[in-house]
Amino acid sequence: QSVLTQPPSVSAAPGQKVTISCTGSSSNIENNYVSWYQVLPGTAPKLLIYDNNNRPSGIPDRFSGSKSGTSATLGITGLQTGDEADYYCGTWDSSLSGYVFGSGTRVTVL
Amino acid sequence: EVQLVESGGGLVQPGGSLRLSCVASGFTFSDYFMDWVRQAPGKGLEWVGRIKIRGDSYTTDYAASVKGRFTISRDDSKNSLYLQMNSLRTEDTAVYYCARENWYRFDYWGQGTLVTVSS
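So the protein sequences, as listed, match chains A and B. Just so we're aligned, residue 1 is where the first sequence starts under my numbering, counting upward by one. Just so we're aligned, residue 1 is where the second sequence starts under my numbering, counting upward by one.
This is chain A alone, in the form it adopts within the complex (with noise of 0.2 Å):
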């Protein structure tokens, strides 16, 4: 059971915005930055956001991160077909002493 809460699947016709839960707790995302990873079949994971809303380097402002509380937000607007993909939550647990992830959502463009 993972410690930062994710929904399993999210879907949305191509063009359109999909938003992505994740919620923990004030060990971890209240106290902490959050950052955002993708998993296209087969690959390696990617960073897309990272310290709760910035973008590296490459990835389009089509990405979006924010955290209000105990809980962050990734939104994906203008969706494409190679956005389909596992997307993950993470941050530092301080009581855990350890990095932890979100249980992954599946983005399905239909």
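It should be emphasised that the hints constitute simulated quantities derived from the structure, not laboratory data. A few of these clues could be false.
[What the hints assert, rightly or not] Pairs of lysine-lysine, DSBU-like flavour, derived with a Cα cap of 30 Å:
#1 B:K67 x A:K46
#2 A:K46 x A:K67
#3 A:K67 x A:K17
#4 B:K43 x A:K67
#5 B:K52 x B:K67
#6 B:K43 x A:K46
#7 B:K52 x B:K78
#8 B:K67 x B:K78
#9 B:K52 x A:K46
#10 B:K52 x A:K67
#11 A:K46 x B:K78
#12 A:K17 x B:K43
#13 A:K46 x A:K17
#14 B:K43 x B:K67
[Said to hold, decoys possible] Covered by chain A, per the in silico footprint, the following chain B stretches (three or more residues, Cβ under 8 Å):
#15 43 to 50
#16 61 to 70
#17 109 to 116
Just so it is clear, the structure is predicted and the values come from calculations on it, not from any experiment. Beta carbons are placed, not taken as given, at the ideal position from N, Cα and C, and that holds for glycine.
Based on the hints, put chain B in the right spot on chain A.
Coordinates of chain B only, in the frame set by chain A:
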């Protein structure tokens, strides 16, 4: 260009041992914390552990699921990261990734190496 290349995966029997390696290039390896993350078949990402830099006495942290069985080490002269896995269990079967940690985010990942624990 930053590159991380893992090796050493394979088939091992329950109770056995295996040592994974990760060779880094394209950045000053000794300046960064390095981590191992795994993904079991059909499952999500799981952090395994990390090793800090020389200035932090190469301190290590581990997930509860592997503490006491796995050991992370590094050789900065060889730009290499290691994961010694002992007392392996079937539930340790996974693709193991090495990742560069940059202020609590993993900004570069290797391609992964598959470890299968089975009799």
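Review point. Are A:K67 and A:K17 close enough, with their CA atoms no more than 30 Å apart?
Key: 18 Å, holds
Exercise for review: Establish whether the coverage given for the segment 43 to 50 of chain B by chain A is satisfied; the threshold is a Cβ-Cβ distance below 8 Å, and no fewer than three residues must meet it.
Suggested key: holds (count 6)
Check your understanding: B:K43 and B:K67: Cα distance at most 30 Å?
Key -> 20 Å, holds
Review point. Do the alpha carbons of B:K43 and A:K46 lie within 30 Å of each other, as the hint requires?
Key: With Cα atoms ~17 Å apart, B:K43 and A:K46 stay inside 30 Å; holds.
Review point. Within 30 Å, alpha carbon to alpha carbon, are B:K43 and A:K67?
Key: Holds, at about 25 Å.
Check your understanding: Within the assertion that chain A covers the segment 109 to 116 of chain B, do at least three residues meet a Cβ-to-Cβ distance smaller than 8 Å?
Key -> With 4 residues closer than 8 Å to chain A, the segment 109 to 116 of chain B meets the three-residue bar; holds.
Check your understanding: CA of B:K52 to CA of B:K78, is that 30 Å or under?
Key -> At roughly 16 Å apart (the allowed maximum being 30 Å), B:K78 and B:K52 satisfy the hint.
Exercise for review: Would you check the hint for A:K46 and B:K78, treating anything up to 30 Å between C-alpha atoms as holding?
Suggested key: Answer holds: A:K46 to B:K78 is near 25 Å, not above 30 Å.
**Study point:** Hinted pair A:K46 and A:K67, Cα distance within 30 Å
**Key:** Given that 30 Å is the threshold and the Cα spacing comes to 20 Å, the pair holds.
Practice item. Examine the segment 61 to 70 of chain B for residues whose CB is less than 8 Å from any CB of chain A, and state whether their number is three or more. Key: holds (count 4)
Check your understanding: Do the alpha carbons of A:K17 and B:K43 lie within 30 Å of each other, as the hint requires?
Key -> 26 Å, holds
Check your understanding: Taking only the CA atoms, is the gap from B:K52 to A:K46 under or equal to 30 Å?
Key -> 22 Å, holds
The earlier numbered hints are all upheld by this structure, with none contradicted.
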